[in-house]
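Single-letter residue listing:
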Amino acid sequence: SQKIEQNSEALNIQEGKTATLTCNYTNYSPAYLQWYRQDPGRGPVFLLLIRENEKEKRKERLKVTFDTTLKQSLFHITASQPADSATYLCALSIYNQGGKLIFGQGTELSVKP
Amino acid sequence: GAGVSQSPSNKVTEKGKDVELRCDPISGHTALYWYRQSLGQGLEFLIYFQGNSAPDKSGLPSDRFSAERTGGSVSTLTIQRTQQEDSAVYLCASSFGTGANNSPLHFGNGTRLTVT
Chain A
1 SQKIEQNSEA LNIQEGKTAT LTCNYTNYSP AYLQWYRQDP GRGPVFLLLI RENEKEKRKE
61 RLKVTFDTTL KQSLFHITAS QPADSATYLC ALSIYNQGGK LIFGQGTELS VKP
Chain B
1 GAGVSQSPSN KVTEKGKDVE LRCDPISGHT ALYWYRQSLG QGLEFLIYFQ GNSAPDKSGL
61 PSDRFSAERT GGSVSTLTIQ RTQQEDSAVY LCASSFGTGA NNSPLHFGNG TRLTVT
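Just so you know, the protein sequences line up as chains A and B, in that order.
Numbered according to the working numbering, the first sequence spans residues 1 to 113.
Numbered according to the working numbering, the second sequence spans residues 1 to 116.
Mixed in with the good hints, there may be bad ones.
Within a straight-line C-alpha distance of at most 30 Å, the following computed DSSO-like cross-link-like pairs (lysine-lysine) qualify [to be verified]: (1) A/Lys59 with A/Lys71; (2) A/Lys17 with A/Lys59; (3) A/Lys71 with A/Lys17; (4) A/Lys63 with A/Lys3; (5) B/Lys17 with A/Lys3; (6) B/Lys57 with A/Lys71.
Cβ-Cβ distance ranges computed for the label pairs, FRET-style [as the list claims (entries may be wrong)]: (7) B/Thr78 with A/Arg42: 20 to 30 Å; (8) B/Thr116 with A/Pro82: 49 to 59 Å; (9) B/Gln80 with A/Asn53: 36 to 46 Å; (10) B/Thr13 with A/Arg42: 14 to 24 Å; (11) B/Asn10 with A/Lys3: 27 to 37 Å; (12) B/Gly51 with A/Ala83: 35 to 45 Å; (13) B/Gly40 with A/Arg61: 39 to 49 Å; (14) B/Gly16 with A/Lys3: 45 to 55 Å; (15) A/Arg61 with B/Arg64: 36 to 46 Å; (16) B/Gly51 with A/Thr18: 40 to 50 Å.
If you're looking for bench data, these hints aren't it; they were derived computationally from the structure.
Backbone N, C-alpha and C fix where the C-beta goes; we use that ideal spot for every residue, glycine too.
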């Protein structure tokens, strides 16, 4: 069956450290992978997109990698801050399934001062 | 410019009643999505509209759920004969293109539906 899996346990880290979140998928051939941030009571907000032929994408303190062999994406936040505390969702856009995005269940990140 | 607007923000209804949830997408966005998010869970895809094409309804959980998009803009998600398991946050998103075309989704803040 097709699955998108993210760390189900919350990730707790100290301010200033690098947070690394994982997104694994099975039985999908994604065209693109996107990462979103969601704060309580709010809709998700787009952060980064990476294509299947890209290995890495950066934006300020954020970095995303995409390994289609391992079927995995890693999302890094360097020099983390308490304001980075939120739930982070990965989403796949699948070939031959039009434009719909399939989301993982999200990983909650807590950055302690 | 305004973002995606959803109404109502909260809805409490009795089991068996019908509800309508409204989504106003960003002007000019051709794609519109509905997702459902239960407490502590990820986003469950429901339905996707792209321009004038037939919608992708593959995520609708039962025939009690339906959605329409009038004039390529406003969308309404209707749930008939609501059940307690329908309780969730219903999120709407729009995008300029499609997820497959490198277009990020812009989400509203959702409608929290509680079925008593």
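Evaluated hints:
1. Between the alpha carbons of lysine 59 of chain A and lysine 71 of chain A the distance comes to roughly 22 Å, so the proposed pair stays at or under 30 Å and holds.
2. At roughly 17 Å between alpha-carbon atoms, lysine 17 of chain A and lysine 59 of chain A fall within 30 Å of each other, so this suggested pair holds.
3. Taking the CA atoms of lysine 71 of chain A and lysine 17 of chain A, the gap is near 26 Å; set against the 30 Å cutoff, the hint holds.
4. Of the supplied pair hints, the one linking lysine 63 of chain A and lysine 3 of chain A holds, its CA atoms being roughly 23 Å apart against a limit of 30 Å.
5. About 34 Å separates the Cα atoms of lysine 17 of chain B and lysine 3 of chain A, which puts this hinted pair outside 30 Å; it is violated.
6. Simply put, lysine 57 of chain B and lysine 71 of chain A have alpha-carbon atoms about 27 Å apart, close enough for the 30 Å limit, and the pair holds.
7. Our hint of 20 to 30 Å for threonine 78 of chain B and arginine 42 of chain A holds, since their Cβ atoms are close to 24 Å apart.
8. Separated by about 37 Å at the C-beta atoms, threonine 116 of chain B and proline 82 of chain A break the suggested range of 49 to 59 Å.
9. A hinted range of 36 to 46 Å for the beta carbons of glutamine 80 of chain B and asparagine 53 of chain A is consistent with their spacing of about 44 Å.
10. Here the CB-CB span from threonine 13 of chain B to arginine 42 of chain A is close to 23 Å, well matched to the stated 14 to 24 Å.
11. Judged by the Cβ atoms, the range 27 to 37 Å given for asparagine 10 of chain B and lysine 3 of chain A holds: they are separated by roughly 32 Å.
12. Evaluation of the 35 to 45 Å hint for glycine 51 of chain B and alanine 83 of chain A yields a pass: the beta carbon distance comes to about 38 Å.
13. Our hint of 39 to 49 Å for glycine 40 of chain B and arginine 61 of chain A is violated, since their Cβ atoms are close to 27 Å apart.
14. Checked against the hint of 45 to 55 Å, the pair glycine 16 of chain B and lysine 3 of chain A fails, with Cβ atoms roughly 34 Å apart.
15. Between arginine 61 of chain A and arginine 64 of chain B the beta carbon distance is about 44 Å. The supplied range of 36 to 46 Å therefore holds.
16. Checked against the hint of 40 to 50 Å, the C-beta distance between glycine 51 of chain B and threonine 18 of chain A comes to roughly 41 Å, which is consistent with it.
Violated hints, in rising order: 5, 8, 13, 14; the structure is consistent with all others.
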